[in-house]
Amino acid sequence: MVHIWPIGGGKGGSGKSFLASSLGRVLAGLGKKTLLIDLDLGAANLHTLVDVPYPVKCLSDFIHKKIPLLENTVLETPVPNLYLISGAHDSLDIANLPYEQKVKTLKAISKLNYEWILLDLGAGTSFNILDFFLISQNSIFITTPEPTSIENVYRLIRSIYFRRIRQYFNAADFKTLEEEVVQEFGEGSFNKPDCIMQAVKRAHPEKSLQLENDFNSFRFKLVLNQLRSKDNIALGAQICKIIEKHLGFQVDFAGNIAFDDRVHDAVCQRVSFLDRYPYTRTAYDLRELSKRIVNSTSEQLLIRYS
Amino acid sequence: MKKNFAKLNYYEILDITPDAAFFEIRHAYNAAIQMYRADSLVSYSFFSLEERQEILNLLEKAYLTLINGKERKNYDKELIQLGIIDNVGGKAGSKRSAGIYDASRQWGKAAVLKDSKATLKEKVAQNKHINEILSKQEISGADLKTIRNELGVAIEKIAGETKIRMDYLISIEEDKVKRLPAAAFLKGFIKSYLKCLCIEPLDDVCVRYMDCLARIGKNN
Ligand SMILES: Nc1ncnc2c1ncn2[C@@H]1O[C@H](COP(=O)(O)OP(=O)(O)OP(=O)(O)O)[C@@H](O)[C@H]1O
Ligand SMILES: [Mg+2]
Chain A
74 MVHIWPIGGG
84 KGGSGKSFLA
94 SSLGRVLAGL
104 GKKTLLIDLD
114 LGAANLHTLV
124 DVPYPVKCLS
134 DFIHKKIPLL
144 ENTVLETPVP
154 NLYLISGAHD
164 SLDIANLPYE
174 QKVKTLKAIS
184 KLNYEWILLD
194 LGAGTSFNIL
204 DFFLISQNSI
214 FITTPEPTSI
224 ENVYRLIRSI
234 YFRRIRQYFN
244 AADFKTLEEE
254 VVQEFGEGSF
264 NKPDCIMQAV
274 KRAHPEKSLQ
284 LENDFNSFRF
294 KLVLNQLRSK
304 DNIALGAQIC
314 KIIEKHLGFQ
324 VDFAGNIAFD
334 DRVHDAVCQR
344 VSFLDRYPYT
354 RTAYDLRELS
364 KRIVNSTSEQ
374 LLIRYS
Chain B
38 MKKNFAKLNY
48 YEILDITPDA
58 AFFEIRHAYN
68 AAIQMYRADS
78 LVSYSFFSLE
88 ERQEILNLLE
98 KAYLTLINGK
108 ERKNYDKELI
118 QLGIIDNVGG
128 KAGSKRSAGI
138 YDASRQWGKA
148 AVLKDSKATL
158 KEKVAQNKHI
168 NEILSKQEIS
178 GADLKTIRNE
188 LGVAIEKIAG
198 ETKIRMDYLI
208 SIEEDKVKRL
218 PAAAFLKGFI
228 KSYLKCLCIE
238 PLDDVCVRYM
248 DCLARIGKNN
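These protein sequence lines are chains A and B, in that order.
Letter by letter, the first sequence follows residues 74 to 379 in this note's numbering.
Letter by letter, the second sequence follows residues 38 to 257 in this note's numbering.
Treat the hints loosely; a few may be bogus.
What the hints assert, rightly or not - Here are some chain A residues pointing at chain B (derived, C-beta under 8 Å):
1. Thr121
2. Pro218
3. Ile223
4. Ser302
5. Leu308
6. Gln311
7. Ile315
What the hints assert, rightly or not - Here are some chain A residues the structure puts well away from chain B; computed CB gaps all over 12 Å:
8. Lys138
9. Thr150
10. Asn225
11. Gln271
Said to hold, decoys possible - Here are the simulated lysine-lysine pairs, PhoX-like style, with alpha carbons at most 20 Å apart:
12. B:Lys158 <-> B:Lys228
13. B:Lys110 <-> B:Lys173
14. B:Lys173 <-> B:Lys194
15. B:Lys110 <-> A:Lys314
16. A:Lys303 <-> B:Lys182
17. A:Lys303 <-> B:Lys158
18. B:Lys232 <-> B:Lys194
19. B:Lys182 <-> B:Lys200
20. B:Lys182 <-> A:Lys318
21. B:Lys154 <-> B:Lys232
22. B:Lys158 <-> B:Lys232
23. B:Lys165 <-> B:Lys154
24. A:Lys138 <-> A:Lys184
25. B:Lys213 <-> B:Lys165
26. B:Lys110 <-> B:Lys98
27. B:Lys232 <-> B:Lys182
28. B:Lys165 <-> A:Lys318
29. B:Lys165 <-> B:Lys200
30. B:Lys114 <-> A:Lys303
31. B:Lys160 <-> A:Lys265
32. A:Lys138 <-> A:Lys180
33. A:Lys130 <-> A:Lys175
34. A:Lys105 <-> A:Lys265
35. B:Lys182 <-> B:Lys224
36. B:Lys44 <-> A:Lys274
37. B:Lys160 <-> B:Lys232
38. A:Lys303 <-> B:Lys154
Just so you know, these hints were derived from the structure itself, not from any lab.
Computed from a prediction, not measured in an experiment: that's the story for all the values here.
No residue lacks a Cβ here, since even glycine has one placed at the ideal position from N, Cα and C.
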């Protein structure tokens, strides 16, 4: 069984790519065949973090049909068990990926034969990005303890739920729904998933049930990165609580990652932070986090097969 | 999807159970205020101005109702009639009336202890020397002593808190390998010692101490 984990979060430097590469390294180290896919097209840099400085092929070769099979764009990395599909040469922004290409790519990803697939999704909330999140029931959102970054994560989570609801309706039905919501909850409420869900419940009870099923099967995780000693260590748990209480969605807090200047040093030297500074708090946090994420999927398997 | 926030009862709003004692209510209220205040990082950007004010008003109303014995009784009665909570009379009553004084005193004491631990943790995180030691592959007894001194914690205090004999503590800090207890006991001692100083991760540091000891033992 393949575990697909999209990783996303706030704009600029919250640590999405660092987390994707670190998590990939830990999983590979545990003997799991792991694939990283750099979908931050236009700003791809994951190859640099896993020491593949000159990727000879990349995702756009598949998108532009130069390489017919996605599997054949996979690169080996110096780390045993760790593989990469690079986004290096893509001039295309993922937001502008045409519909057919997107569907083709999504399909191809879900058919790949790896134990773990981690998607570095970059920032933003374009429909295309949201659809890549929705390829799987799992997701990791990463934020720093800064209002700007947290704001982005809230928007991202709302957008994903919104997009899921949207996928259940055709354009006309959805428009009616939006009008109803605005009428009932006021201006600006049409993009609030909690308001829309109430309207769905009334007008389309059977779809509302399916949607709730979907939402209950989501395994969303929140990671708080670059925590400094003065920061509130309970922040992550509080964010999850607000989401649960006020949006009604469950997001599990997966852990803090301490800030460490040596992350910068490791990135600059293009070495693995985990190997170079294994005894730092940050490395410990990354290992614990990976453990929690691996364990959460065994929970999921248990539920599914029991 | 969970219930709409506005439809939660006062206990649910504050995340407490219907038999919560007075100090638990106060604590829950303070915790909630931390989250919903205008300058809170958590809820910043999550709510509009009006939404936030509405929530703060609701929290205050919940708090003021629940800390007032008479009003709380009336409110509970309403919830019981609506079948929202069970009749918690006996159990809640005893918890509420019997020990408010004791309970809040205990709470105060725990808070002080927690506070000093928090300061220690902060000191550990900020102290460059300690962090250098903690990123080493091997950590000796002398290193532990340095950490303790950096934090300004007396060895007597560790003896008092961990109940480890003073002579053992000294042997640990001076790396007197032959005077140390058997490994199984030693590991426990080291972990208690580390816990006392708020050094984390416990297991990891302990392993590195044991590695260091093994090497010293060999060289002797
Ligand atoms: N835990 C950390 N401690 C210190 N620095 C960190 C930490 N995590 C990330 N950084 C720093 O932040 C930089 C940006 O991280 P990264 O490239 O992973 O962000 P990103 O979210 O992928 O950004 P983008 O949106 O631009 O792709 C890293 O190069 C590193 O210097
Ligand atoms: Mg990135």
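Each hint tested on the structure:
Given hint, Thr121 of chain A at the interface with chain B, is violated; its Cβ is 25 Å from that chain's nearest Cβ, farther than 8 Å. Contact between Pro218 of chain A and chain B, as hinted, is supported at the beta carbon level, the nearest pair being about 6 Å apart and thus within 8 Å. The interface hint given for Ile223 of chain A holds, since its Cβ lies 7 Å from the closest Cβ of chain B, which is under the 8 Å cut-off. Interface hint at Ser302 of chain A: satisfied, since its Cβ lies 3 Å from the closest Cβ of chain B, which is below the 8 Å cut-off.
For Leu308 of chain A, the shortest C-beta to C-beta distance to chain B is roughly 6 Å, which falls under 8 Å, so the interface hint holds. The closest approach between the C-beta of Gln311 of chain A and any C-beta of chain B is roughly 4 Å, which is under the 8 Å cut-off, so the hint is satisfied. The interface hint given for Ile315 of chain A is met, as the beta carbon of that residue sits about 6 Å from the closest beta carbon of chain B, less than 8 Å. No beta-carbon of chain B is positioned within 12 Å of the beta-carbon of Lys138 of chain A; the least distance is around 42 Å.
Non-interface call for Thr150 of chain A relative to chain B: holds, since the shortest CB-CB distance, roughly 26 Å, exceeds 12 Å. For Asn225 of chain A, the shortest C-beta to C-beta distance to chain B comes to about 9 Å, within the 12 Å cut-off, and the non-interface label is violated. A Cβ of chain B approaches the Cβ of Gln271 of chain A within 12 Å, the least distance being about 8 Å, so the stated non-interface status is violated. For the proposed pair Lys158 of chain B and Lys228 of chain B, the alpha carbon gap of about 16 Å is at most 20 Å, so the pair holds.
Among the hinted pairs, Lys110 of chain B with Lys173 of chain B is inconsistent with the structure: their alpha-carbon atoms are about 59 Å apart, more than 20 Å. For a cut-off of 20 Å, the pair hint linking Lys173 of chain B to Lys194 of chain B is broken: about 26 Å separates their Cα positions. Simply put, Lys110 of chain B and Lys314 of chain A have alpha-carbon atoms about 28 Å apart, too far for the 20 Å limit, and the pair is violated. Using a Cα cut-off of 20 Å, the hinted pair Lys303 of chain A and Lys182 of chain B is violated, with the two alpha carbons roughly 25 Å apart.
Distance check on the hinted pair: Lys303 of chain A and Lys158 of chain B sit about 10 Å apart at the alpha-carbon level, within 20 Å; holds. This hinted pair checks out: Lys232 of chain B and Lys194 of chain B have alpha carbons roughly 13 Å apart, not beyond 20 Å. Between Lys182 of chain B and Lys200 of chain B, the direct Cα distance comes to roughly 18 Å. Compliance with the 20 Å bound is thereby established for this hinted pair. In summary, the hint linking Lys182 of chain B to Lys318 of chain A is not supported, as the alpha carbons are separated by about 46 Å, beyond the 20 Å threshold.
Taking the CA atoms of Lys154 of chain B and Lys232 of chain B, the gap is about 10 Å. The hint holds against a cut of 20 Å. At roughly 10 Å between alpha-carbon atoms, Lys158 of chain B and Lys232 of chain B fall within 20 Å of each other, so this suggested pair holds. Distance hint between Lys165 of chain B and Lys154 of chain B is fulfilled; the C-alpha atoms sit about 19 Å from each other, no more than 20 Å. Distance hint between Lys138 of chain A and Lys184 of chain A is fulfilled; the C-alpha atoms sit about 17 Å from each other, no more than 20 Å.
Using a Cα cut-off of 20 Å, the hinted pair Lys213 of chain B and Lys165 of chain B is violated, with the two alpha carbons roughly 27 Å apart. Between Lys110 of chain B and Lys98 of chain B the CA atoms are separated by roughly 15 Å; this keeps the pair inside 20 Å, and the hint holds. Pair hint Lys232 of chain B plus Lys182 of chain B holds up; C-alpha atoms about 14 Å apart against a cutoff of 20 Å. Under the criterion of a C-alpha separation no larger than 20 Å, the hint pairing Lys165 of chain B with Lys318 of chain A is inconsistent with the structure, at around 40 Å.
A C-alpha spacing of about 29 Å is found between Lys165 of chain B and Lys200 of chain B, which places the hinted pair above 20 Å, so the restraint is violated. A distance of roughly 44 Å separates the Cα atoms of Lys114 of chain B and Lys303 of chain A; the hinted pair therefore is violated under the 20 Å criterion. With a C-alpha separation of about 43 Å, the suggested pairing of Lys160 of chain B with Lys265 of chain A is violated against the 20 Å cut-off. For the given pair, Lys138 of chain A sits about 15 Å from Lys180 of chain A by alpha-carbon distance, which is consistent with the 20 Å threshold.
The suggested pairing of Lys130 of chain A with Lys175 of chain A holds, with an alpha-carbon distance near 19 Å, which does not exceed 20 Å. Between Lys105 of chain A and Lys265 of chain A, the direct Cα distance comes to roughly 39 Å. Violation of the 20 Å bound is thereby established for this hinted pair. Distance hint between Lys182 of chain B and Lys224 of chain B is fulfilled; the C-alpha atoms sit about 16 Å from each other, no more than 20 Å. The straight-line distance between the Cα atoms of Lys44 of chain B and Lys274 of chain A is roughly 17 Å, inside the 20 Å bound, and the hint therefore holds.
For the given pair, Lys160 of chain B sits about 14 Å from Lys232 of chain B by alpha-carbon distance, which is consistent with the 20 Å threshold. A threshold of 20 Å between alpha carbons decides the hint, and for Lys303 of chain A with Lys154 of chain B the separation of about 14 Å falls inside it, so the pair holds.
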